[in-house]
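Protein chains: 2
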Amino acid sequence: MTKTDNKGITVKKAENFSEWYSQVIQKAKLADIRVGVQGFLVHRPWGFRIMRRVYEYLEEEFEKTEHEPMLFPIAVKEESLMKEEEHAGFSPEVFWVTHAGTRKLEERFALRPTGETQIYPVYSKWFRSYNELPFKAYQSRHTVFRNEMTTRPFLRGREFAFFESHNVFSTHKECLAQIDEDMDILNKVVKDKCKIPFFYFQRPQWDKFKGADNTFTPDTLMPDGKRNQLASTHDLGQNFSKAYDIQITDKKEKQQYAWQTCFGPGIWRIMAAIIGIHGDDNGLILPFDMAPKQIVLIPIFFKEKAEQNKVSKLLNKTKNDLTKKGYRVIIDDSENSPGFKFNHWELFGVPLRIEIGPRELKDNKATIVRRTSRDKTVINIKDLDKSIEKEAKKLDEDITKNAEKYFSDNVRDSNDFKDLKKIMNKNRGFVRVPFCSVDFDGEDCADTLKAETNGGNVCGTLFPKAEKVGPKEKCIICGKKAHHKVYVAKSY
Amino acid sequence: MTKTDNKGITVKKAENFSEWYSQVIQKAKLADIRVGVQGFLVHRPWGFRIMRRVYEYLEEEFEKTEHEPMLFPIAVKEESLMKEEEHAGFSPEVFWVTHAGTRKLEERFALRPTGETQIYPVYSKWFRSYNELPFKAYQSRHTVFRNEMTTRPFLRGREFAFFESHNVFSTHKECLAQIDEDMDILNKVVKDKCKIPFFYFQRPQWDKFKGADNTFTPDTLMPDGKRNQLASTHDLGQNFSKAYDIQITDKKEKQQYAWQTCFGPGIWRIMAAIIGIHGDDNGLILPFDMAPKQIVLIPIFFKEKAEQNKVSKLLNKTKNDLTKKGYRVIIDDSENSPGFKFNHWELFGVPLRIEIGPRELKDNKATIVRRTSRDKTVINIKDLDKSIEKEAKKLDEDITKNAEKYFSDNVRDSNDFKDLKKIMNKNRGFVRVPFCSVDFDGEDCADTLKAETNGGNVCGTLFPKAEKVGPKEKCIICGKKAHHKVYVAKSY
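Chains V and Z supply the protein sequences, listed in that same order. Read in numbering that gives the first Met the number 0, the first sequence has 400 at position 401, and its numbers run on one by one without any break. Read in numbering that gives the first Met the number 0, the second sequence has 61 at position 62, and its numbers run on one by one without any break.
Just so you know, not all the hints are guaranteed correct.
If chains are identical, the list can't say which one is meant, so a pair holds when it fits in one copy or spans any two.
Said to hold, decoys possible - Below, in silico cross-link-like pairs of lysine to aspartate or glutamate (EDC-like), each with a Cα-Cα straight-line distance of 20 angstroms or less:
| hint | residue 1 | residue 2 |
| --- | --- | --- |
| 1 | Lys103 | Glu77 |
| 2 | Lys26 | Glu472 |
| 3 | Lys251 | Glu334 |
| 4 | Lys473 | Asp384 |
| 5 | Lys479 | Asp415 |
| 6 | Lys292 | Glu67 |
| 7 | Lys209 | Asp288 |
| 8 | Lys292 | Glu65 |
Simulated from the structure, these hints should not be mistaken for lab results. Note that the coordinates shown come from a computational prediction; the quantities given were computed from them, not determined experimentally.
The following block holds chain V by itself, in its conformation from the complex (with noise of 0.2 angstroms):
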């Protein structure tokens, strides 16, 4: 261990969002953007480790239900981009590579912007009849890249982190179903695992994906009130397999075109949820499964060489011990004061501390602290493993309680439209509001809504119960009958 010069986190989460979120991400290490080509971030070790855990926790669950993993290029030919450009739109963000060395390219390629345009011309060639499906698939640990004018860590950058899974079913019930699975392996990975809540909704016609049936979201919410989306799954219904021709012959020998959904986790996005909704002013908090290093052993300072000694190897044995039990440890012995090192390790987001000195020693002590409540308990060394259980579980009770409390205490009701521009420009957060309709016809009253809350969008209706709208209940825009119960949020 290294003495170093870290600063802790200088600002208040609650004050100054966005600059403690700056901070957090380049103090405990998490990704650098310094150097290199702008809009384009390094994921240091400590930030991988988080992330790669996200990715591991939606790996076991695809495999759990039975996707295959595969790969595609990063290259897209001009020809199967541009037949995806009436359903998905993303050419004008998209990268060409034109050039080899100092030679121009016979013909210049994208960078996959999401998969659906390479990876759907391939499917038409693999797939003939009906009982070589269904075929899941996904794909984990890729990147893909637009170009996007404003770029920020976890959230928003030119090459970000992806996973998505591209199915192929013979009916549209299978669709459904799928839509369903995908929400379950939601649930599993990101309340279950990450401990962050949300909503998850059916977006209203006029804000799916485009060329999708119907797209659903699981929505968090930031410290700051705004809507973070995390993740996307799209019923697209038979619309990609028509434009790149994905036909199957089926029981009746009848050729048909296949069934489609896509689904895309926002590694990205979750990070950023996890960072931002969990940490606090001294830096980052994770939950126990998910910390890159989840125990850090620090011996109290003291004189004399022989107790040195004793605490040096009981925290060796210590460690040797927890680690075999399957706990990532560390021994934090640098020169760095007591005190420092606290501070360093709570800036790292450790979910539990150890200490032990020469009194402690004497006792057979040790003093064990967890990261969000910060208290110092006494136990008895031989009791250790328990109270680490103990304090791991706790731990994450903790996280996943404030993480519920903030989410609840920021969801408002409202039925007058005044009222409703006060919540989203005082407190933001989720606002429940009677709404005409969802399908295309409501699109001008969520335009009017949007100009008028300074960027509120109407996320859509809860998934899959939809909630009641009384009788008599008016749209908050324009007065007409309420078909719906809608959340309006702003926007990352």
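Fit chain Z to the supplied structure of chain V, relying on the hints for placement.
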């Protein structure tokens, strides 16, 4: 399971390796090169799972040896790339991104041809003091880009699967220890797990990575007698730290340039070796632990419905039992004939096949067949576990033995140029010859050798223990005193 019209391999591996290799890749659904931009490959699920296994093995070893994972962007600044031009000289092959949408970028950027040019400018910001070192870090599961003129799946591509570590040390001694560690990792992964034999060479000075002090490579032989370089590890000395200004304060508070190594196991090259070396006329052969499916259960055709159900039930139970034990199992209950199924799963390299029919069922027997020998062994169903363990072990032994036999059968000695030329034209393989010098002054002889053997390369001397050369031996080319035993081979 579906009835397919997959046809087997139509050529003999020994007679037309090149065509055999292409057919295996296509027919065992390892990769698809039919659609998309030329020179870019789709990793299909079956192939991707095998490749991912190689990644997992490597990651496990890199974690054990305390390397940190990280991820750098795809984009490299022109300025950084050009700084390295003198060292690596990739620039003629580099792809350039010049446009986004219809707009020309203010600053074009390159797609990374390898990591050095983008990682080292960042390293120059990360380290200030010797006590921040050693820093050992790796990138995994990413791809790199070079505009190769001729491409071949898993051997040469415009985009190919990459793995690289970039380590920074305070002393040169640590670099040398790292070279040993890298070699150890290759032994564990490539030899022990993937069952690929290789020589570990120190490359001649004229053939090292530009900018490195020394380059070390494990080279194997493909079935056509050509050398396949599986990885390379480089002692970079202080050359790159000087070019990219990676300076640290040493113990005496003096500024000094850091010492570096980098290591790139060739994921694709290892895949090509697994496919090419282990496979036979019937298709793929895979080490037991690497196979996406390890065991295929095949019901033998029979007419009575009651018996069918009994067999089905037993197969399902067997699958569940084996899956619980951690095996990857598939039942092929498609409408195809047993013979078709045997061929199909042999083509895909599934290590063990278990056949159960009504006759066997009555006697509580099953037939087990391992992919290598294809001998049928009748076993008691109650001994299934033990039989699987035994057959899996035998399979791995068969694979290792076959690979090692081919390898050692194709290492020859020569001390006569005419003789060498004959071998290089007829047998290829490795030829061990006396050679004047592996320093730059030997390059002329190497050029002559290459020209007159139609492409034979001096691969280098064995590392870590170079073989002794007799006091009277003469260089096979110039006839001057030989100082080394070097190995000659034609290359991919």
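Each hint tested on the structure:
no.	hint	in the structure
1	Lys103 x Glu77	both (16 angstroms within a copy, 17 angstroms between copies)
2	Lys26 x Glu472	neither (50 angstroms within a copy, 62 angstroms between copies)
3	Lys251 x Glu334	between (76 angstroms within a copy, 17 angstroms between copies)
4	Lys473 x Asp384	neither (58 angstroms within a copy, 68 angstroms between copies)
5	Lys479 x Asp415	within (13 angstroms within a copy, 97 angstroms between copies)
6	Lys292 x Glu67	between (31 angstroms within a copy, 12 angstroms between copies)
7	Lys209 x Asp288	neither (37 angstroms within a copy, 43 angstroms between copies)
8	Lys292 x Glu65	between (31 angstroms within a copy, 13 angstroms between copies)
Of the numbered hints given earlier, the model fails hints 2, 4 and 7; all others are met.
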